[in-house]
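Going down the list, the protein sequences come from chains A and B.
Here my numbering is used: the first residue of the first sequence is 1344, the next is one more, and so on.
Here my numbering is used: the first residue of the second sequence is -8, the next is one more, and so on.
Careful: at least some of the hints might be erroneous.
[Unchecked claim] Covered stretches of chain B, going by a simulated chain A footprint (3 or more residues, C-beta under 8 Å): (1) 11 to 20; (2) 37 to 45; (3) 56 to 69; (4) 103 to 113; (5) 123 to 129.
[What the hints assert, rightly or not] If you want a taste of the chain A side facing chain B, the calculated C-beta under 7 Å gives, among others: (6) R1428; (7) Y1431; (8) V1436; (9) P1437; (10) N1449; (11) D1465.
Read the hints as simulated data drawn from the structure, not as lab findings.
These numbers were taken from a predicted model, which means no experiment stands behind them.
Glycine is no exception: its CB is placed at the ideal position from the N, C-alpha and C atoms.
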Amino acid sequence: MAETDATYAFIDAIPHSKALGMEIFSVTSGEVELRMPYNSDLVGDPQTGVIHGGAVSALLDTCCGAAVMSHPDQKGKMTATLDLRIDYMRPAVPHQTIRAIATCYNVTRSVAFVRAVALDDDDARPVATATGAFVVGGEK
Amino acid sequence: MSLNKPEPVQVIKQRRDAALSALVASVPYIRYLGVQFDRRGDELTAILPFREDLIGNPFLPALHGGATAAFLEIAAVIELSWLGLWEDLENGEIDLDALESGPPRPLPKTIDFSIDYLRSGLPRDAYARARVNRSGRRYASVHVEAWQDNKSRLFAQATGHFLMPDIGRNV
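The following block holds chain B by itself, in its conformation from the complex (with noise of 0.2 Å):
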C-alpha cells in the first residue's frame, strides 16, 4: 500500500489555531489585558501588547508588577494546557466542531506562583516563553521568562506549580 498521503497545511493550521484560540478566548482576564500568543508549530510566544492603564509606576514609566505577573501566570497556565492538548489534538480526538463553545477540557489551577522582577518593565510590548519542566498527572511545575526588545536581557521570569485538572483519565 502507498503512504498516508500527508494532510495539507490548511488543516493543520486551521485545527491548531481554532484549538489554541478556543483556549485563550475562555478566558475573559486574557482578553482584558490583551494578551495574544503567536504559534510555531507547538512553540507559543505570549505578548502583551503595550498599552497605558498597564503602567504601575507613570513617573519612570514602568509597567506594573502585578500586570507583569499576570502575564507570566497566563503564559504558564496556557502552555501547559495546550501541551496537554497537542497529542490528543494530532491524532484527532479533539472535537473541532465544539471548540467554540469553550475550552476542550478545563485549566490548570495554579497552587503558587514566584515572580523574579530583574529590571523594570518598559513602557512597550513583552514577550514571554514558558517551559513546563514537569507534568504528572496532578501537579506540574513551570518555568517563564519574559523579555522586551532583547531575549537575552529578560526583565522578568517566574516559577509556578500548577494542579493538573481531572479529566478522568488514567485512573
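Okay, chain A solo, but in the shape it has when bound (with noise of 0.2 Å):
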C-alpha cells in the first residue's frame, strides 16, 4: 500500500531518528512497530546503565509520527505532533532493545489520535506508554 511504503521512507529519513538507531520493524495500516538498540550514548543513569526517559520519549514520538503516516485516511502524508503525553511505568532494562508499538486509532477531517506502548524484553510489563493528538494532512 502506498501509505505503508511512505511511511517507511519517511522514517527512514528522519535524521534524528537515524541518529537515536531508530529501526522500523513492522508498518501495517495504523500500525507501527520501531526499534531502538541499546546504546550508552542515549543513558540517562550512569549508575544504572538505564535509558534515559527522553531517548524513550523520541522513540515513542516517531512511532506515533508514523502510525498516522500509515493510517489509510492519512494516504503517507506527513504529520506533526499537536501533544504527547509519556507515563513511565518503570526503568527499561539496560543492554535491552527498546521496542514501541503505536496504533493510530481515530482520525478526524483535521486530528489524528494514538496511543503507544514501549517495552523492553518483558512484554507483560510495559516501560511507558503514550498517548497523542498529531495533525491531519500536511502542516500545522
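From these two lone chains plus the hints, build me the complex, please.
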C-alpha cells in the first residue's frame, strides 16, 4: 500500500531518528512498530545504565507519527505532533532493545489520535505508554 | 563584633558552577544532545544548540518532536534538582571535592510528561526555562516553556510530575 511505503521511506529519512538508531520493524495500516537498540549515548543514569526517558520519548513520538502516516485516511502524508503525554512505568532494563508499538485509532478531518506502548524484553510490563494528538493532512 | 565578611565573588561562582556542571555532566544523554545550561544566580536557562541530527522533518525543516520533548524533560529535571541542591550548597553542606565523581544526590525520576507543541521548531538554537510549581518530599510538579527567537512566542511547553529521590532525610 502506498501509505505503508511512504511511511517506511519517511521514517528512514528522519535525521534525529537515525541518530538514535531507530529501526522500523513493521508497518501496517495505522499501526507501526519501531525498535531502538541499546546505546550508551542514550543513558540517563550512569550508575544503573538505564536509558534516559527523553530517548524513550523520542522513540514514542516517532512511532506515533509513523502510525498516523500509515493510516489509510492520512495517505502517507506528513504529520506533526500537537501534543504527547508519556507515562513512565518503570526503567527499561539496560542492554535490551526498546520496542515501541503505536496505533492510530481515530482520524478526524483535522486530528489523528494515537496511543503507544514502549517495551523491553518483558512484554507483560510496559516501560512507558503514550497518548497523543497529531496534525492530519499536512502542516500546522 | 563586626559583620561577617561576604565571600569573594569568585568563590561563590566557582562553587555554584561546579555543582551545576556535576549535575549536568553526570547524564550521558544530556551530553549527547548537547544541552547546556546558562546560570544567573539561581536562575537556569537550558540551551539546545542546533544540529542537523536534531531534525525530524527534513522537508520543512523542523526539529524532531522527540528532541524537543527530551530537551524540555532535561530542563525540568535539572531545574528541580538544582532547586533542591541550592540551599545545601549555599550552607556549605555539599562536599565540593566529591562533585568531580558525580552529582551529590540522585536525579528525580519522571512519572509522566505532557508536551504541548505550539509551533514547529525551527532549525536553530532553542531555549527553555522550567518552573517548579510544587515540590514535596515525594512528588514534584514542574512546568517548562521553550522558545527560539522570541521569548513571547513559545514553540513548546510541558508539564511533568516527578518522583523525588529518597535522600534519607525528613523521615
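ask   = Can you name, in rising order, the numbers of the hints this structure does not satisfy?
value = 5, 8, 9, 10 and 11
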